[in-house]
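Each chain, written out:
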Amino acid sequence: MKSRLKIISPTGHLGFAPMKLESFRIGLKENPDYICADSGSDDIGPKPLGSDTQASPVKWQEHDLEHILLATRQLNIPMIIGSACDTGTNRGVDLYVNIIKKLARKHNLPRFKLACIYSQQSKDVILEKLKNGIEIPGLDGRPPLTEEDVKKTDNIVAVMGVHPIIQALEAGADVIICGRSSDVAIFAAPAIKEGFPKGLAYYLGKVLECASFCAEPYMGKESVLGIITHEDIKVRALHPDARCTVASVSSHAMYERANPFYEYFVGGRLNMTHCKYEQYDYKTTRITGPVFEPAEKYYVKLEGAGKVGERYFGIAGIRDPYTLENLDKVLEWARNEVKAEFGDTGYQLHFHVFGRNGVMEELEPLKYITPHEVGIVVEGVAPTAEMAEMITMTATRQIFYARLPEVKGTAGTCAYLIDEVLKGSPAYMWTIHHIMPVDTPTEPFKINYLEV
Amino acid sequence: MNNMRTRRKEMRLVELAKTIRSKNAGPDRITFDIIFQDKEHYELVKKSQVINKQQIAKLFGIDESRITDLVEFDPANAIKFTIARRHPSGSPGESDTFGSQQYPPLYNIKVPIQ
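So the protein sequences, as listed, match chains A and B.
Per the numbering used here, the very first residue in the first sequence carries number 1; after that it's consecutive.
Per the numbering used here, the very first residue in the second sequence carries number 1; after that it's consecutive.
Treat the hints with caution; some may be incorrect.
Stretches of chain A that chain B covers, calculated by requiring three or more beta carbons in the stretch to come under 8 Å of a beta carbon on chain B [to be verified]:
| # | region |
| --- | --- |
| 1 | 43-54 |
| 2 | 131-144 |
| 3 | 247-259 |
| 4 | 299-311 |
| 5 | 421-431 |
Straight-line alpha carbon distances no greater than 27 Å define the calculated DSSO-like cross-link-like pairs of lysine-lysine that follow [said to hold, decoys possible]:
| # | chain 1 | residue 1 | chain 2 | residue 2 |
| --- | --- | --- | --- | --- |
| 6 | B | Lys110 | A | Lys367 |
| 7 | B | Lys23 | A | Lys276 |
| 8 | B | Lys46 | A | Lys276 |
| 9 | A | Lys47 | B | Lys58 |
| 10 | B | Lys58 | A | Lys276 |
| 11 | A | Lys307 | B | Lys23 |
| 12 | A | Lys367 | B | Lys39 |
| 13 | A | Lys446 | A | Lys193 |
| 14 | B | Lys18 | A | Lys283 |
| 15 | A | Lys20 | B | Lys23 |
| 16 | A | Lys367 | B | Lys23 |
| 17 | B | Lys23 | B | Lys110 |
| 18 | A | Lys6 | A | Lys113 |
| 19 | A | Lys367 | B | Lys58 |
| 20 | A | Lys423 | A | Lys339 |
| 21 | A | Lys276 | A | Lys123 |
| 22 | A | Lys283 | B | Lys39 |
| 23 | A | Lys297 | A | Lys129 |
| 24 | A | Lys408 | A | Lys423 |
| 25 | B | Lys39 | A | Lys276 |
| 26 | B | Lys23 | B | Lys53 |
Some residues of chain B that are not near chain A, with every Cβ distance over 10 Å (derived) [claimed, not checked]:
| # | residue |
| --- | --- |
| 27 | Lys9 |
| 28 | Leu13 |
| 29 | His41 |
| 30 | Glu43 |
| 31 | Leu44 |
| 32 | Ile113 |
I should point out that these hints are in silico values taken from the structure, not numbers from a laboratory.
Beta carbons: idealized from backbone N, C-alpha and C, even for Gly.
Make the full structure from the sequences, and use the hints.
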């Protein structure tokens, strides 16, 4: 059994911006045992999953994959990529597999074994489970999944834990391309497979998942090195000017999480309540004390997004102080003109009033003050592009014709940046954010092996 | 900070914190982190109890039930809280897909320093 394992995390979201190479090359000299990177995020909004498209240019994704592939093949160590192409749909996995094949030919690499783990779920299978009375609980206060939710959804992925990845490693895979996966799992899987304690293994994943975001000063896309032993985890910043400090590592534990003490994944959770952080050396922080708590049942998280409608945008500016004092009346006028033509339902119309509360909307404490100018982005969403265009055009034009009794500027109540409306990409929505009970933690996932 | 204590009775949170930020925590939540440079600043704000559910709800004009978590995280000298979004991130009508610009009202929270 190995006494320690070294894993490099070169980027927190593969392809979102190209990874930086200096710190990566420094890391390669440390003789790592694995290089792992996740490409996923649900920060990017529901559109990439709903429309099954990528959030980042393929060129950047190829850039990162090329450097990781060449380095791991040269060192003869495995590479693990999670959540292929932002969302981890089957299309994303296939895209990455084709990129890997192309790169192998381009660089004339010796033969290696590639595993791809698919995690996209068929709507029919989920609907069947609901029909059979299986409850799929909601996360973050959402009610249990309904047939209606599934019907509103275009694409669903299940988020894998360590189990299918460990299976692929045991089968001898050199390169593993995963569909949607928990960022923690792609780092924890090799550590658990090599026999390290689960609590430490999952914490290793937790701290490495965003690469240099656990270091300071703030730098994106720089590599960090994680070292796990049977007693502790050490995490070291590889960039010459960066350090992993107690402050930077511990504050990363709470990044993008409602609760910094627990991290949930398939088969249990990580309890970080009793974690101890110490400055090991100038660039390295040592962590002890994370505890793995197994769950009684296996649940797999499901993510789903669906199209709401076609979308157009209009842009209008207002400078007249009297009009600004009566801004809500202006917007009400424009909305009523839309209602008169299209009725109350079957579409969405939103006014984003930049300069007042365009950024924070309902949460803005200063939404009642009168600014000296505002920019209004009109957003119209409807089942067809024609209808969305007409709704947005009607609302934008009627801001110009708003009827206010004492207005002095009788030649128009707004300024147009452009006198047209712009076609936006369709609007999508996160329709599924739930956890599905499964008999085994590998059930929703399918592994294929290829010789490249 | 000691010099200021003699002259002023309270300070704004922005003067005391090293980091104040907001970000999505999944599609339905926005989480806020207030991180302090050292234990002294952290303990001062923690003991003052000015960051509480009632105050946060009042500041953002929302019902207290929408504040899902409020935790003090000693290892990072941080106080963090989380609120439920009105609609999931990126839905039509939503204005901050990443939830990354919702923190500025926290700057002006008054912290007693005596």
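Status of each hint after checking the structure:
With 5 residues carrying a beta carbon less than 8 Å from a beta carbon of chain B, the region 43-54 of chain A meets the three-residue requirement, and the given coverage holds. Residues of the region 131-144 of chain A lying with their CB closer than 8 Å to a CB of chain B number 4, which satisfies the three-residue condition for coverage. Here's how the region 247-259 of chain A fares: 10 of its residues keep a CB closer than 8 Å to some CB of chain B, so the rule of at least three is met and the hint holds. By the rule of at least three residues with a Cβ nearer than 8 Å to a Cβ of chain B, the coverage given for the region 299-311 of chain A holds, with 3 such residues.
Coverage of a stretch by a chain is defined here by at least three residues with a beta carbon nearer than 8 Å to that chain's beta carbons; for the region 421-431 of chain A and chain B the count is 4, and the condition holds. As the CA atoms of Lys110/B and Lys367/A are separated by approximately 21 Å, the hinted pair is consistent with the 27 Å bound. A C-alpha spacing of about 25 Å is found between Lys23/B and Lys276/A, which places the hinted pair at or below 27 Å, so the restraint holds. Pair hint Lys46/B plus Lys276/A holds up; C-alpha atoms about 21 Å apart against a cutoff of 27 Å.
Under the criterion of a C-alpha separation no larger than 27 Å, the hint pairing Lys47/A with Lys58/B is inconsistent with the structure, at around 33 Å. Of the supplied pair hints, the one linking Lys58/B and Lys276/A is violated, its CA atoms being roughly 35 Å apart against a limit of 27 Å. With a C-alpha separation of about 24 Å, the suggested pairing of Lys307/A with Lys23/B holds against the 27 Å cut-off. Only pairs whose Cα atoms come within 27 Å are accepted, and Lys367/A paired with Lys39/B is rejected, the gap being roughly 35 Å.
Proximity of Lys446/A to Lys193/A is assessed by CA-CA distance (about 19 Å); at most 27 Å being required, the pair is judged to hold. A C-alpha spacing of about 21 Å is found between Lys18/B and Lys283/A, which places the hinted pair at or below 27 Å, so the restraint holds. Pair hint Lys20/A plus Lys23/B holds up; C-alpha atoms about 24 Å apart against a cutoff of 27 Å. For the suggested pair Lys367/A and Lys23/B, the alpha carbons sit about 21 Å apart, so the restraint of at most 27 Å is met.
For the hint linking Lys23/B to Lys110/B, the alpha-carbon distance of about 23 Å falls within 27 Å, and the restraint holds. The suggested pairing of Lys6/A with Lys113/A holds, with an alpha-carbon distance near 22 Å, which does not exceed 27 Å. Note on Lys367/A and Lys58/B: the hinted pairing holds, with a Cα-Cα distance of about 14 Å set against a maximum of 27 Å. Among the hinted pairs, Lys423/A with Lys339/A is consistent with the structure: their alpha-carbon atoms are about 21 Å apart, no more than 27 Å.
Note on Lys276/A and Lys123/A: the hinted pairing is violated, with a Cα-Cα distance of about 44 Å set against a maximum of 27 Å. For the given pair, Lys283/A sits about 22 Å from Lys39/B by alpha-carbon distance, which is consistent with the 27 Å threshold. Of the supplied pair hints, the one linking Lys297/A and Lys129/A holds, its CA atoms being roughly 17 Å apart against a limit of 27 Å. At most 27 Å may separate the alpha-carbon atoms for a hinted pair to count; Lys408/A and Lys423/A exceed this at roughly 33 Å.
For the suggested pair Lys39/B and Lys276/A, the alpha carbons sit about 16 Å apart, so the restraint of at most 27 Å is met. In summary, the hint linking Lys23/B to Lys53/B is supported, as the alpha carbons are separated by about 18 Å, within the 27 Å threshold. For Lys9/B, the shortest C-beta to C-beta distance to chain A comes to about 23 Å, beyond the 10 Å cut-off, and the non-interface label holds. Every Cβ of chain A is farther than 10 Å from the Cβ of Leu13/B; the closest lies at roughly 14 Å, confirming the non-interface assignment.
With a least beta-carbon separation of about 12 Å from chain A, His41/B lies farther than 10 Å from that chain, consistent with its non-interface assignment. With a cut of 10 Å on Cβ distances, Glu43/B stays outside the contact zone with chain A, its closest approach being about 15 Å. With a least beta-carbon separation of about 17 Å from chain A, Leu44/B lies farther than 10 Å from that chain, consistent with its non-interface assignment. The non-interface label for Ile113/B is consistent with chain A: the shortest C-beta to C-beta separation is roughly 22 Å, beyond 10 Å.
Comparing the model with each earlier hint shows violations of hints 9, 10, 12, 21 and 24; every other hint is respected.
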